[in-house]
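Top line first, the protein sequences correspond to chains A and B. Read in order, the letters of the first sequence correspond to residues 1 to 114 in the numbering used here. Read in order, the letters of the second sequence correspond to residues 1 to 118 in the numbering used here.
Watch out, some of these pointers could steer you wrong.
As the list claims (entries may be wrong) - What the simulated footprint calls covered on chain B by chain A, stretch by stretch (three residues with Cβ under 8 Å from a Cβ of chain A suffice, anywhere in the stretch; the number is not a length):
hint, segment
1, 40–49
2, 105–117
Said to hold, decoys possible - Here are a few chain A residues that face chain B, going by a calculated C-beta distance under 10 Å:
hint, residue
3, V11
4, S12
5, S14
6, Y25
7, F34
8, Y36
9, Q42
10, L46
11, F90
12, C91
13, L102
14, I103
Simulated from the structure, these hints should not be mistaken for lab results. Cβ atoms here follow ideal geometry from the backbone N, Cα and C, with glycine treated the same way.
Here is what each chain is made of, one letter per residue.
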Amino acid sequence: AQSVTQLGSHVSVSEGALVLLRCNYSSSVPPYLFWYVQYPNQGLQLLLKYTSAATLVKGINGFEAEFKKSETSFHLTKPSAHMSDAAEYFCAVSRMDSSYKLIFGSGTRLLVRP
Amino acid sequence: DTGVSQNPRHKITKRGQNVTFRCDPISEHNRLYWYRQTLGQGPEFLTYFQNEAQLEKSRLLSDRFSAERPKGSFSTLEIQRTEQGDSAMYLCASSRTGGGASLTDTQYFGPGTRLTVL
Chain A
1 AQSVTQLGSH VSVSEGALVL LRCNYSSSVP PYLFWYVQYP NQGLQLLLKY TSAATLVKGI
61 NGFEAEFKKS ETSFHLTKPS AHMSDAAEYF CAVSRMDSSY KLIFGSGTRL LVRP
Chain B
1 DTGVSQNPRH KITKRGQNVT FRCDPISEHN RLYWYRQTLG QGPEFLTYFQ NEAQLEKSRL
61 LSDRFSAERP KGSFSTLEIQ RTEQGDSAMY LCASSRTGGG ASLTDTQYFG PGTRLTVL
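The task is simple: from the sequences and hints, build the whole structure.
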């Protein structure tokens, strides 16, 4: 069965510092992987998606993620945090059947200190 | 393209009452998904439609829950005899099937309906 683990329910960084949010997946076949961001009381906004093309995926707002099959990881990074990046981030894997339903991790709340 | 919309955004109800939520997907998206998100957790899949056909239901979807998508456009999610455990954010997402690795399989989410059962 596919699953997603996000290490660290809370991550705190200073403004301008590197952002690293960790995601590990479990899948018997190469998966589709996603990062979504959720601002308070809002729905989820797609940041980026991996679909077995380039292993380094660039997304919106300066975020990128690298697919590492050997580590079963898909960590999200941003070189320089901005106050507006404070939000909840979810990693998800798509079920590799006809449904393509998403299986989410439990999320990581990013706090950005001034 | 105005995005996925959901109504109402917030619903407060008393235990035992019935509630209905509506989701309007992105036009021309043939797939529509419902997820439930409880506090501090990631969303969990409830059910999905391809056009008007409901193709899968999670075991989370008890028989008090029913979803429809008449004519393959908007969808409704009804909860009968609400319980306090039903309090959650209900999220709707839509996508366009394209087969294989394609942007058309990306799910776009609405703002959600937050349900509070007193």
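Right, here's what the structure says about each hint:
1. Judged by the Cβ-Cβ criterion of 8 Å, the segment 40–49 of chain B is covered by chain A as claimed, because 7 of its residues qualify and three suffice.
2. Under the rule that three or more residues need a Cβ within less than 8 Å of chain A, the assignment of the segment 105–117 of chain B holds, with 9 such residues.
3. With its C-beta approaching chain B no nearer than about 15 Å, V11/A sits outside the 10 Å limit, and its interface hint is violated.
4. Of the supplied interface hints, the one on S12/A is violated, with its beta-carbon coming no nearer than about 17 Å to a beta-carbon of chain B, more than 10 Å.
5. Hint status for S14/A: violated, given a least beta-carbon distance of 25 Å to chain B, over 10 Å.
6. Violation of the interface hint for Y25/A is found here, the shortest Cβ-Cβ separation to chain B being roughly 13 Å, above the 10 Å cut-off.
7. At about 8 Å, the closest approach between the beta carbon of F34/A and any beta carbon in chain B falls short of 10 Å, and the interface hint on this residue holds.
8. Given the 10 Å rule on beta carbons, the hint for Y36/A holds: about 7 Å separates it from the nearest Cβ of chain B.
9. Contact between Q42/A and chain B, as hinted, is supported at the beta carbon level, the nearest pair being about 6 Å apart and thus within 10 Å.
10. Because the beta carbon of L46/A sits about 6 Å from the nearest beta carbon in chain B, less than 10 Å, this interface hint is met.
11. Interface restraint check: F90/A against chain B, minimum CB-CB distance 5 Å, threshold 10 Å, status holds.
12. Satisfaction of the interface hint for C91/A is found here, the shortest Cβ-Cβ separation to chain B being roughly 8 Å, below the 10 Å cut-off.
13. A cut of 10 Å between beta carbons decides the hint on L102/A: the least distance to chain B is about 6 Å, and the hint holds.
14. The interface hint given for I103/A holds, since its Cβ lies 7 Å from the closest Cβ of chain B, which is under the 10 Å cut-off.
Consistency note: the structure conflicts with the earlier hints numbered 3, 4, 5 and 6.
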